[in-house]
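J.: Here is how the chains run, residue by residue.
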Amino acid sequence: MKRYHDIVGDGGSGVLEQVAEQRTRITDGLAGVRHLVAVGSGKGGVGKSTLTLHLAGALRARGLRVAILDADFNGPSQARMAGVQGAVFVPGDHKVALPRTRNGIGVFSMGSMIPESEALEFESTADGESHTWRATKEFALLGEILASFEWGALDLLMFDLPPGAERTVQYADFLGPRTSFLLVTIPSEVARGVVARSVAALSKGPNRLLGYVENMSGYYCRDCNAIKPLFVSPETTNLEIPCLGTVPFDPELARLCDRGIDLAELRETPVGRALEHVAQQLLDSLESTTSASAHAAQELRPDRPASAHGSSELRPDRPGSAHASREVRAGREHPR
Amino acid sequence: MKFLCIPCDSPMKLQAVGPPEGGSLSVVYSCPECGYEMAMLTNAYETQIVQSLGVRIGPDIGAGASSTGSTSAAEPTKCPFSAMLPPATPKPLGEGGETEGARPGQAGEPIPVRWTAAAEARLANVPEFVRPMARTGIERFARERGALEVDEKILDAAREFFGM
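Protein chains in written order, with the numbering used here: chain X, 1 to 336; chain V, 1 to 164.
For the record, the hints were derived by calculation from the structure and aren't laboratory data.
There may be inaccurate statements among the hints.
Derived EDC-like pairs: lysine to aspartate or glutamate, alpha-carbon spacing no greater than 20 Å straight-line [what the hints assert, rightly or not]:
#	chain 1	residue 1	chain 2	residue 2
1	X	K204	X	E166
2	X	K95	V	D156
3	X	K95	V	D151
4	V	K2	X	D10
From just these sequences and the hints, can you work out the full model?
T.: The following block contains the structure:
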């Protein structure tokens, strides 16, 4: 009697072929994106979304082409923070145009579609059983978004991930080995413990862990013009990945985020400088990854022209702009 | 999932997908050797799990296979699930744009806006879950400019206006 693998196809639907086609559409849609960076944590409430948006802003200010996909479908916040809550999705000749912030960052967020008073709901034939299918549905939705929107030529596409260590790994599986991860924690042992689980889980897969950012690393007191401690937990959990920087909490930053205002005016504050520092570290890390990959490819295939290496460098889309050549100052580290 | 006719040791071929009913699909297979037919009947949980994958169950009519049921007759390339299960759409922004024109301080129904065939074709590029919202937003954009028809020029203008 024939067994499963003796039979070609499934007799009509071609489900596996459809899944493969979905993956091809996603790959094709992202073909012009140089770096895929997922910003995750495992822990909720550590500032992943805020950091994602402001790192994107810092990178955009250097002339890089950046977009954000708010992958937190159930708790989207990028639409509000980026000021694209009222965006209209306009169809192009083949795909859907991506809403953009005033400074040119492309943003997809469910928050552009769903009022904050509403939750994302899916119709279902299996009421009360959403735990059996909901994650699958959300990833199918993510695939449809990746395949249907005009991502175009980007230096970075940043994914703002939802909380949950297991979700972080699921996104790594779905997005594939091209995607590098940046993790966010806060100086709390509880948070670091959860992030350590994400590090352990991600370390088992092929995705590159760029490092972590310690957010809310003290708070910036404008009256004192100083950074003061916010958490007093002793740091005993070693995350075993590079720290790309620390970012203090600034109530003014939170206020601007709620109102969807550009952070250019914060650029000269300790928070702005810290974000610039992290952005530089992120770029350095991505460059080293790219260079190492290109070098490895060169070693494996010595017949390949050396120019392939140079073509992978991040380049601003506004050559000669002031932003592109601006010197970056190191962020102010919170003294411990 | 594959089905095998044991007496013939032959893979069965999908023949038809019955109209979805009560969360269940009826998918008919037959053996190309002996003609024996059988039906796979899904329960609501099985239906939902497969639907969540975003795949089409049933023959691709565009490829020449046959199907039954009003679903596939009306929209030949779509999965029967599509008619049975509305796409993932935020309820307040569902098809029909019922929230459009019903804002506080405004009275009456919104003025109907036509879509040219070319504009509709472009709208088809929008994923189903976004389409109702995209339609509503573009129609509002058109009305605000005194246009009662959405054509490609309006779409291009909207694209420009929203900074895309």
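J.: Assess, step by step, whether the Cα of X/K204 is no farther than 20 Å from the Cα of X/E166, and give holds or violated.
T.: Given that 20 Å is the threshold and the Cα spacing comes to 13 Å, the pair holds.
J.: What's the verdict on X/K95 and V/D151, does the C-alpha distance respect the 20 Å limit or exceed it?
T.: 17 Å, holds
J.: Measure nothing beyond the straight line between the CA atoms of X/K95 and V/D156; if it is 20 Å or shorter, mark the hint as holding.
T.: Holds. X/K95 to V/D156 sits at ~13 Å (cutoff 20 Å).
J.: Measure nothing beyond the straight line between the CA atoms of V/K2 and X/D10; if it is 20 Å or shorter, mark the hint as holding.
T.: 5 Å, holds
Hint compliance for this structure: no hint is broken.
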